[in-house]
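Place chain B on chain A using the hints.
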Amino acid sequence: TQLLEQSPQFLSIQEGENLTVYCNSSSVFSSLQWYRQEPGEGPVLLVTVVTGGEVKKLKRLTFQFGDARKDSSLHITAAQPGDTGLYLCAGAAIGDYKLSFGAGTTVTVRA
Amino acid sequence: GAGVSQSPSNKVTEKGKDVELRCDPISGHTALYWYRQSLGQGLEFLIYFQGNSAPDKSGLPSDRFSAERTGGSVSTLTIQRTQQEDSAVYLCASSLRDKNYGYTFGSGTRLTVV
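Top to bottom, those sequences are chains A and B.
With the first letter of the first sequence counted as 1, position 46 gets the number 46 in the working numbering; the numbers rise by one all the way through.
With the first letter of the second sequence counted as 1, position 65 gets the number 65 in the working numbering; the numbers rise by one all the way through.
In case anyone wonders, no lab produced these hints; they're calculated from the structure.
Just so we're clear, the structure is a prediction, and the values are computed from it rather than from any experiment.
Careful: at least some of the hints might be erroneous.
[Unchecked claim] So, partial list: chain A residues that the calculated Cβ filter (under 8 Å) puts toward chain B:
#, residue
1, 33
2, 42
3, 45
4, 48
5, 99
6, 101
[As the list claims (entries may be wrong)] Using 20 Å as the maximum straight-line C-alpha spacing, the simulated SDA-like pairs for lysine to any residue come out as follows:
#, chain 1, residue 1, chain 2, residue 2
7, B, 57, A, 93
8, A, 70, B, 102
9, B, 57, B, 22
10, A, 56, B, 102
11, B, 57, A, 3
12, B, 11, A, 95
13, A, 57, B, 101
14, A, 57, A, 67
15, B, 57, A, 96
16, B, 57, A, 95
17, A, 59, A, 108
[Claimed, not checked] Derived CB-CB ranges, DEER-like:
#, chain 1, residue 1, chain 2, residue 2, range
18, A, 30, B, 53, 17 to 23 Å
19, A, 16, B, 97, 36 to 42 Å
20, B, 71, A, 26, 23 to 29 Å
21, B, 53, A, 110, 46 to 52 Å
22, B, 54, A, 26, 29 to 35 Å
23, B, 9, A, 68, 39 to 45 Å
24, B, 83, A, 41, 25 to 31 Å
25, B, 15, A, 68, 43 to 49 Å
Where a beta carbon is used, it is the ideal one built from N, C-alpha and C, also for glycine.
Just chain A, same shape as in the assembly:
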C-alpha cells in the first residue's frame, strides 16, 4: 500500500494543452515535494511546499498544497514536449525523517 497515491498513472496530451496531476494521502505531511525523472536519470527536485494552502509557480508549472496538508496537485499550462517525463510526489509524515514516494505519473506531450 502506497502512502501517497498519484493519479492518473499515465497522461498523454498534445502540445499546448493543459494537464493536472494529483497526489493524495490519508496522512498529514510536514512538507511535500515534486520531482521529475527522465529515462536513465535520477529524479530532479522541482519544488517543496510546506504550508497548507500554499501555491507555488515555476514558469508554466503551478503546485498546490492542500489546506489539510494531505494532498497536492501539479498543473502544467500549455505543455511542451520538454515536459515529458515521470512526475513523482514525495512527502514525509509528521515525525518521519525520510521521504515516501508515490508511484508516479508518466506524462507524454506529443508535438
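The following block gives chain B in isolation, referenced to the frame of chain A:
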C-alpha cells in the same frame, strides 16, 4: 563533486553472485539515502545515513542487503547471493541535512540479475 555520483551505471550479474554498488554524495551533505525503483513502482526506501548516527536500516528487504558509509562520505550497498527479484534501479540521494532540504539523486545503477 558537483552532483551525486553512482557506479557502475549498469551491472549484469548471475544469480547467486554478490554485487557492490557505490555512491559518492555531494560534499557537505550529511544525509544519504538508498532507494530502489522497479518498473511501474514508486521508489522503495532501503536505508538512511545521517552524520555519525546509527543508520536506519528498516527498509532493507532481507539480510542479503547491507550498506555502509565510510568517513561520512562514500557509501556502498552490497547485495549478497543476488536473486532475480533484486533486479531494479538502485538510486542514491544526498541531502544537506534532512528531507526538508530536498534530495539530490544520482543517475542510479541498473542491476540485472540473470
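Each hint tested on the structure:
Interface restraint check for residue 33 of chain A: the shortest CB-CB distance to chain B comes to about 6 Å, inside 8 Å, so the restraint holds. Annotation: interface hint on residue 42 of chain A holds; nearest CB of chain B at approximately 3 Å, less than 8 Å. With its C-beta approaching chain B no nearer than about 4 Å, residue 45 of chain A sits inside the 8 Å limit, and its interface hint holds. A hinted interface residue such as residue 48 of chain A counts as satisfied when its beta carbon comes closer than 8 Å to some beta carbon of chain B; here the least separation is about 6 Å, so the hint holds.
Proximity of residue 99 of chain A to chain B holds as hinted, the smallest CB-CB distance being about 5 Å (cut-off 8 Å). Proximity of residue 101 of chain A to chain B holds as hinted, the smallest CB-CB distance being about 4 Å (cut-off 8 Å). In summary, the hint linking residue 57 of chain B to residue 93 of chain A is supported, as the alpha carbons are separated by about 18 Å, within the 20 Å threshold. Restraint check for residue 70 of chain A and residue 102 of chain B: the C-alpha separation of about 18 Å stays at or below 20 Å, so the hint holds.
With a C-alpha separation of about 17 Å, the suggested pair residue 57 of chain B and residue 22 of chain B falls inside the 20 Å cut-off, and the hint holds. With a CA separation close to 16 Å, the supplied pair residue 56 of chain A and residue 102 of chain B stays within the 20 Å bound. The straight-line distance between the Cα atoms of residue 57 of chain B and residue 3 of chain A is roughly 19 Å, inside the 20 Å bound, and the hint therefore holds. Annotation: proposed proximity of residue 11 of chain B to residue 95 of chain A is violated, straight-line Cα distance about 36 Å (limit 20 Å).
This hinted pair checks out: residue 57 of chain A and residue 101 of chain B have alpha carbons roughly 18 Å apart, not beyond 20 Å. Annotation: proposed proximity of residue 57 of chain A to residue 67 of chain A holds, straight-line Cα distance about 17 Å (limit 20 Å). Between the alpha carbons of residue 57 of chain B and residue 96 of chain A the distance comes to roughly 14 Å, so the proposed pair stays at or under 20 Å and holds. A hinted pair counts as satisfied when its Cα atoms are at most 20 Å apart, and residue 57 of chain B with residue 95 of chain A qualifies at roughly 17 Å.
A C-alpha spacing of about 19 Å is found between residue 59 of chain A and residue 108 of chain A, which places the hinted pair at or below 20 Å, so the restraint holds. A hinted range of 17 to 23 Å holds for the C-beta pair residue 30 of chain A and residue 53 of chain B, which are about 20 Å apart. About 41 Å separates the C-beta atoms of residue 16 of chain A and residue 97 of chain B, a value consistent with the hinted range of 36 to 42 Å. For residue 71 of chain B paired with residue 26 of chain A, a C-beta distance near 41 Å fails the hint of 23 to 29 Å.
Checking the proposed 46 to 52 Å range against residue 53 of chain B and residue 110 of chain A shows it holds: the Cβ atoms sit about 48 Å from each other. The given range of 29 to 35 Å is respected by residue 54 of chain B and residue 26 of chain A, whose C-beta atoms sit roughly 30 Å from each other. A hinted range of 39 to 45 Å for the beta carbons of residue 9 of chain B and residue 68 of chain A is consistent with their spacing of about 41 Å. Range check, residue 83 of chain B to residue 41 of chain A: about 26 Å between beta-carbon atoms, so the 25 to 31 Å window is met.
For residue 15 of chain B and residue 68 of chain A, the Cβ-Cβ distance of about 47 Å falls inside the hinted range of 43 to 49 Å, so the restraint holds.
Going through the hint list in order, the structure does not satisfy hints 12 and 20.
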